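All chains, please: the whole structure from these sequences, using the hints.
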Amino acid sequence: GDSVTQMEGPVTLSEEAFLTINCTYTATGYPSLFWYVQYPGEGLQLLLKATKADDKGSNKGFEATYRKETTSFHLEKGSVQVSDSAVYFCALSDRWSGGGSNYKLTFGKGTLLTVNP
Amino acid sequence: NAGVTQTPKFQVLKTGQSMTLQCAQDMNHNSMYWYRQDPGMGLRLIYYSASEGTTDKGEVPNGYNVSRLNKREFSLRLESAAPSQTSVYFCASSEPTGRHGYTFGSGTRLTVV
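Protein chains in written order, with our numbering: chain A, 9 to 125; chain B, 417 to 529.
Hints listed in this document are in silico derivations from the structure and should not be mistaken for laboratory results.
So these bits of chain A aren't anywhere near chain B, every CB distance computed over 10 Å: (1) Thr-32; (2) Thr-36; (3) His-82; (4) Asp-92; (5) Val-123.
Ranges of calculated distance between the beta carbons of each label pair, as one might list FRET restraints: (6) B:Lys-430 <-> A:Phe-26: 48 to 56 Å; (7) B:Asn-446 <-> A:Thr-20: 36 to 44 Å; (8) B:Thr-513 <-> A:Thr-79: 18 to 26 Å.
Fair warning: this is a prediction, and the values are worked out from it, not measured in the lab.
Virtual Cβ for every residue (Gly too), placed ideally from N, Cα, C.
This is the structure:
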C-alpha cells in the first residue's frame, strides 16, 4: 500500500537558517504530492503541491520538487522565520486500493519545526 | 468564508456515552473524509464518502459510524465511546481525485474519560 516517510523531529533552527525536511513515498500509481502545515491548535492548511514528476510546488518561500526517480518530495526554505514554527506533514493522493476509482490522502507522521529568534 | 466547518470544537465524554461530530462544507466538493490525529501517528483515515449516498471504511473504522446526509454534510458517530478514541478529529473535503489538495476543518478535540 501507499506510505509516506518523513524525517522525524523535532527540528530546531535559528531565525534565517536554511530548512530541509525530507520526505519519501511509496505509491502504486501516479500520486499527487503535498505539504501541509499545522499551526498550534489549528487544522491543516495546504502549503504547496505538485501533481506530476519534476513539478515544483512553491508558496510563502517554501519549495518542494516532485522527484519520481528518487520517490522524494523534500521541503526547503532558504531563510526561516519564527512564524514558520509549526508541524509539517508530507502527503500523497492516490487511488484508494479498497475503493475502485476513489482517491485518498496518505500522510507522513509530521515534523515539528521550532524556529528561535 | 468558504471552507469546512466542524462542531463541536471540544468535547469530553464518559466511557460508554455516544455522540455525533458534525461536518459541513460549502466548497461543492463530492468527496468528504474523517481523519483522526494522534501523537506520533500522523493522520489516519476513519471513513470517507466519495459522493452523496456512499460511504466506505478507511484504515481505522472500528468503533465509528458515518452518515453522508447530503452533499454538504458528513457526520461521524461514536456509539459507545472508549478511552482509545481520545483524539483530535478532522473532517476534510476535496474534488474526486484529490489532486488539488484537501480542505480541512479546524478539528474537534475529544477526550473520553
